[in-house]
Amino acid sequence: MTPLEALQQTLAGEHAAVYVFRALAGRVSTSADPDLANGLAAAYALHRGRRDQLVTMVRAASGDPVAADVSYQLPNPSRTPAQLRSGALVTEQRCSDVYATMVGSTARVDRQWAIDALTDSAVRQLGFGGAPDPFPGVPEL
1 MTPLEALQQT LAGEHAAVYV FRALAGRVST SADPDLANGL AAAYALHRGR
51 RDQLVTMVRA ASGDPVAADV SYQLPNPSRT PAQLRSGALV TEQRCSDVYA
101 TMVGSTARVD RQWAIDALTD SAVRQLGFGG APDPFPGVPE L
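Numbering (my numbering), first residue to last: 1 to 141.
Careful, some of the hints might be misleading.
Unchecked claim - Just the calculated beta-carbon pair ranges, DEER-fashion:
no.	residue 1	residue 2	range
1	P134	A67	30 to 38 angstroms
2	R59	S29	23 to 31 angstroms
3	Q112	S31	27 to 35 angstroms
4	Q73	V138	22 to 30 angstroms
In case anyone wonders, no lab produced these hints; they're calculated from the structure.
Here the structure is a predicted model, which is why all the values come from computation and not from measurement.
Even for Gly, the Cβ is constructed at its ideal location relative to N, Cα and C.
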């Protein structure tokens with residue numbers, strides 16, 4: 001995979017994450033579960049920022065940033081707090097997968113960006129009920 005392809009794949013993943021986290025955040029009661037509401041809102045803001053950074057990175061690599069799809073399927077029905085946490089966890093795991101691919105396909109500043117994103121995503125997964133993973137984003141290891 002070329003560095004530009006890795007950037008585009010990661011951007012596509014961030015488009016999906018922004019959509020999913022916004023949808024999940026809209027389904028949680030801030031009064032009934034403020035910790036979950038804050039976690040989902042923070043994840044949405046973080047992924048939106050990453051998406052915007054990736055658009056800039058793709059353009060800097062002389063690429064035309066991949067557009068977001070009109071909509072994305074949520075990982076589950078997302079009706080209960082447990083389903084919302086699970087959906088957030090799955091979304092972070094998917095992001096870890098594309099970050100890990102980007103780590104292996106880029107160099108220098110882009111690689112460091114991907115390493116930082118992968119590390120943050122691994123920690124964020126713990127907040128959504130995930131288990132520690134010695135090799136986040138690389139399930140075959």
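Output the indices of the hints that this structure fails to meet, ascending. 2, 3
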